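There are 2 protein chains.
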Amino acid sequence: MTDIAPGLLPEGLHDRLPPEAESAATLLRAVMDATATHGYERVQPPLAEFEANLVGRLKSTRQQDLLRFVDPVSQRTLALRPDMTAQVGRIATTRMAGTARPLRLAYGGAVLKVRGTQLRPEREMLQTGVELIGSDTVAAVAEVLRVALDALEAAGVTGVSVDLTLPNLVEALAAGPMPLAADKVPELQACLDGKDAAGLTALGADAYQPLIAAAGPIDQALKRLRTLNAGDVIEERLDAVSILADGLRNRVGVTLDPTERHGFEYQSWIGFSLFGEGIPGEIGRGGSYTIVHADGREEKAVGFSIYLDPLVSAGLGRSERRRVFLPLGTDESVAAGLRAQGWATVAAISQGCNGTKLGCTHQWNGLEAAPL
Amino acid sequence: MTDIAPGLLPEGLHDRLPPEAESAATLLRAVMDATATHGYERVQPPLAEFEANLVGRLKSTRQQDLLRFVDPVSQRTLALRPDMTAQVGRIATTRMAGTARPLRLAYGGAVLKVRGTQLRPEREMLQTGVELIGSDTVAAVAEVLRVALDALEAAGVTGVSVDLTLPNLVEALAAGPMPLAADKVPELQACLDGKDAAGLTALGADAYQPLIAAAGPIDQALKRLRTLNAGDVIEERLDAVSILADGLRNRVGVTLDPTERHGFEYQSWIGFSLFGEGIPGEIGRGGSYTIVHADGREEKAVGFSIYLDPLVSAGLGRSERRRVFLPLGTDESVAAGLRAQGWATVAAISQGCNGTKLGCTHQWNGLEAAPL
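In the order they appear, the protein sequences are chains C and D. Letter 212 of the first sequence, counting from 1, is numbered 212 in our numbering, and no numbers are missing. Letter 18 of the second sequence, counting from 1, is numbered 18 in our numbering, and no numbers are missing.
Watch out, some of these pointers could steer you wrong.
[Claimed, not checked] In silico DSBU-like links for lysine-lysine, alpha-carbon gap of 35 Å or less: (1) Lys184(C) with Lys195(C); (2) Lys184(C) with Lys300(C); (3) Lys195(D) with Lys223(D); (4) Lys113(C) with Lys113(D); (5) Lys357(D) with Lys357(C); (6) Lys300(C) with Lys300(D); (7) Lys113(D) with Lys195(D); (8) Lys223(C) with Lys113(C); (9) Lys195(D) with Lys357(D).
It should be emphasised that the hints constitute simulated quantities derived from the structure, not laboratory data. This one's a predicted model, so the numbers in the text were calculated from it and none came from an experiment.
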């Protein structure tokens, strides 16, 4: 084993230094406070669990994406959580199975993956969000979207837009009003993902052409989708989306991409992605889904997750605390008074201490905090 | 591999449910805010590092105490941090080696160990604290003690007491004014640990008898230790302890156990344990120590750590947020107004929702939040 430089960290793992470490904490605090005002109560699952339990509940992570280790105590394979939503689902269906529904839970903490993505190479990420368990109605989804927008606002994200999607629409259409053999559905979805109109024709699925054209601003999308002759399967969803859009449009931009499935494989009737000005890529996502109890009972749910690291990178969460240097001999009651006024006091502990070098903008001169 | 019950967690790993999860976050926030007002800036190292780097810096944790795994990306053995102070030391001596001293850093986050202790069987714990890097003078230690007391006060801990210790005193005495062969020092220390007066006599170390009698309330302890005829080695330390005690005695109880070494093996001239009323065992500890740069350069430092879980268990950090139930059809502007007033709003999303069952104490009646 060759030496590893003492300051070196494994790929995808990083220190957050000042002021970013504080920003991350500030953002998490802002999001959790916003969710708490909507009645979401915090749960804090452990960083590691039995791999078998974690894999069984993970919605979009495969076993090979997990950081695993053999626990010397239990002699079992444990895995670090790559996502907290599966753990919240476990809590909701076990220790909180008897708690009144809808159960509103919030969470925030570190998650770890084997590999990051090209856009986001970090392997340790700060994930936060909520799950509303016991319902996936329009009212439930509308609430979760409202909480998500309040959370992003509290975090200082501006220029927010929401991209809605209908994850199980294509399957429902193919199985019903716009029939297509089940074994052709994957090809159909590939054509829709690629906006491949010619492919749809070749597949004998021209009825699906309006789905390609529909993606875009919500009003135009809804109008185009209304032209699909597909009865309740589409009308119910469009009515629901229309209600959701009405709740969103006065606050944020809304688009609809009815066939977008990437990352929504486990969502049921509705999914959404959250975007913010100046932040590359998606900053959060969510939607409706089903959780399964140990006895096989299914329960509807809806939730959202936000990853805070891109917000930190975009400079959000910065709180400038004024730093005042206290020369040697400054009375402790003076120092306490300045702290009570919101100053960070930086006390000299020897003649050599220098306020400017220690990041102070002010210095106590015996009477007041004077600019340095 | 037999089945694992879906709700089962590995030994020593737990979910924090409402309200404890929120309490833990509230306590961490309180401590970090208190340290920030003293100019300590937060760093957030990753949950896992190269084992080799972590082991090299760990002060009191051995390799077999680490939860380790092979990272599929680097093909190296990584370890989950069992302690954050070693990581803060790494940051201070690498990426922040060039930052002005004294360097004041704060940290808070989860740590994981292979095994808990009998008193504290948890393997995942929430650790927080500060490190002041670049000095271990009396002024530096006094500041760190003051920050620790402010942090405990902010966390709501009452009846705090500080037990001071002089970790390297016995070694220094044996090597100097109260000579004893180096190979007999471990036996000497065992006698002192066991308050074994007869053992000291048998060892020909009667000169050390006053150290046994001295442990206790600070003034009495200092008085008894002054009777040791050991020159500067003891006088310097007692003068320093006397100054530290003067800074503490108006806020908290202070004791001195001059030979206590358990858990202070890596501390230099001063160590301390923190206790609080109604909380079993030690709630925090700290002291002076030496960190080593990659080039061999040594730097003095002082810090403290608090583990927040016992505080959560003792019921600290609880913040009762008033919960008001909003019947179906309550206007969103009413809801927003209530949230702005500090209420947690719990909105009905169907006719079946019941405010009392959902933990609400109040219900919006169209005019006001009325008690349920």
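Here is what the structure says about each hint:
1. Lys184(C) with Lys195(C): holds (16 Å)
2. Lys184(C) with Lys300(C): At roughly 28 Å apart (the allowed maximum being 35 Å), Lys300(C) and Lys184(C) satisfy the hint.
3. Lys195(D) with Lys223(D): The given pair, whose Cα atoms are some 19 Å apart, holds under the 35 Å limit.
4. Lys113(C) with Lys113(D): With Cα atoms ~20 Å apart, Lys113(C) and Lys113(D) stay inside 35 Å; holds.
5. Lys357(D) with Lys357(C): Judged against 35 Å, a Cα distance of about 57 Å means the pair is violated.
6. Lys300(C) with Lys300(D): The hint is violated at about 57 Å.
7. Lys113(D) with Lys195(D): With Cα atoms ~31 Å apart, Lys113(D) and Lys195(D) stay inside 35 Å; holds.
8. Lys223(C) with Lys113(C): violated (41 Å)
9. Lys195(D) with Lys357(D): violated (58 Å)
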